[in-house]
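Hey, can you work out the whole structure from these sequences and the hints?
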Amino acid sequence: MTFILLAEQVLNGLQFGIMLFLMAAGLTLIFGVMGLINLAHGSLYMIGAFAAAAVAGATGSFLLALIAALAAAAAAGALVEIVVIRRLYDKDHLDQVLATFALILIFSEGTRWVFGSFPLFLNIPEALSGPITLPGGIQYPLYRITLIIVGLLVAVGLGLLITRTRIGIQIRAGENDREMIAALGIDISRLYTLIFALGAALAGLAGALVGAIQSVQVGMGEPVLILAFVVIVIGGIGSIKGALIGSLLVGLTDTLGGVFLPQLFKLVMEPSAATNLGSSLASMAIYILMGAVLIWRPTGLFGARA
Amino acid sequence: MIRETHLNIGLVALLMAIPVWALIADEPFIITLMTRAVVFALAAVGLNIALGLGGLVSLGHAVFFGIGGYAMGILAHHAQTYTPLAEWPLLIEGTKSMPVIWLAAIIASTLAAVVIGILSLRTAGVYFIMITLAFGQMFFFFAISWSAYGGEDGLSIYVRNGFPGLNTLVPVHYFGLCLVILLAALFLNARLAKSPFGLALNAARQTPARVETVGLDPTRLKLVAFVISGAITGLAGALFADLNRFVSPTMFSWQLSGEIMIFVIIGGVGRLFGPVVGALVFVALEHLLGGLSDYWHIYLGILLLLIVLFGRGGLIGILCGRERVHD
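Residue numbers (my numbering), protein chains in the order written: chain A, 1 to 306; chain B, 1001 to 1327.
Heads up, none of these hints are tricks.
In silico contact screen, one side only, chain B against chain A (beta carbon under 10 Å); selected entries:
| # | residue |
| --- | --- |
| 1 | F1139 |
| 2 | S1145 |
| 3 | G1258 |
| 4 | Y1295 |
| 5 | L1306 |
Here are a few chain B residues that face chain A, going by a calculated C-beta distance under 8 Å:
| # | residue |
| --- | --- |
| 6 | I1129 |
| 7 | M1130 |
| 8 | L1133 |
| 9 | A1134 |
| 10 | F1135 |
| 11 | L1305 |
Hints were generated in silico from the structure; no laboratory data involved.
This one's a predicted model, so the numbers in the text were calculated from it and none came from an experiment.
Positions of the beta carbon are idealized from the N, C-alpha and C atoms, including for glycine.
Following this line, the structure appears as structure tokens:
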């Protein structure tokens, strides 16, 4: 076990976590402000990835692909909010779960219908491919470093948006008392559409960025969606800070667990049994983490007291 | 408006008539489809006890379905390979006997439901939905990485397990067996709803504070409902695995949890025969639309959306109107 291997895995965990944050931030914002549980958030991630892959395939430009991903996901988000989601705010969680589950079916099969069942590929742009050497002699892919930086910038930007701008004030006010801000003359339904589109755009961005290192296919959004749920349950629903810390915890636990748990068991067991047990436990590690957090604090690390 | 009791009697008659017709018309595939619907209905009856009576929105019921499936898969696998399941501390052999498999499925899913229930019921509302979903994923990934029992590929069983006095390889025999179990579960559900426990649970769903003031523990009532619910869904899992002679991690998948919930919703939450209607409609759509288009899930999605947005109370609600409180 060398220092370099450990550093690489920590960076992998950070990169995974920060991409989860882009998903979780939108989910937690939508829940915090509108009280809506949105299972279709993974579909918006998928739409971002498909839009990026299609545009990159047609134009060859990664930047245009990213813009397309943001635009397509935001547009899909706004459309869905206006047509369906808006009718769900005053319904109970069961109805929200089912309606957004229905949206997943529609989006997934619709995408399969348009693009077919085969995965698409989105290439890493020329300028960002290849490794760079970090301090300490660690060779690490430049693209993944870029993802970490982009994700952190988005996190900072989102933090500033919420704490420093007029929209941010309205969002925070909407979390606390929606009748009051409507009474103060703010168009609440436009604000909701805006927040939903913002969350969708973040999911689309994550889809496009991750799409370049994985394959772009139907159903790619749901595993990430469930991890994002784990993140916001750990962080506390409605808290952006909780989403950030939760994502990093989940990203690091999942990545480091997958690499080091089998190694750890090899110290006390025969190799094949150790690999089996280690990888089984590693795949469950984040759920065990979530269970532990909930036993300790049933509303998550930064959640409001229920 | 139709009386709900009349509709229920009609449904039981339909469940019996279709296979008889299929037998006469020599359409064994229809019997297999009906068996599929009956097993799905049983799984959804399980969920309906948690969801309808207890108000627990569990998006992880595939856990119990999968545990039941693997109980069958593991026992039958050891029986067909002639290897013991465990040699220490006592010798456990595999088995091809359905009653033993069912018992194992019920015990295993009961234990899982106790643990998951205790942990999940510490939370409520959205947290409960998400934590049950996450437990489902946990079991899903565990099954995928559990290479001793097939990992991602699952386990195949060569011959369907046996039941004393029946030839389970004959589709209509197996259908009859599943139907009897479904009717027994519905009977249990009806009795449960009218029992002191069911009434207390109903109250705990509506106003937990009042239940607490009369000295009952709402969390405990919900836990018992969750465990009964999990055990029934677990039994359905064992039947489903035997129907396909195959288990795989997809039985744990969250899409399956979603589908079990869809059965309950299409039919009508909290209605005794809601899961039966839902499962029948689902299997019929899957068969009819699936034949027309590869993308039939789009139509399922649209139907579901319309029911959620405009048809409160599911199909039974549309046919029979609001639930009669005093019947």
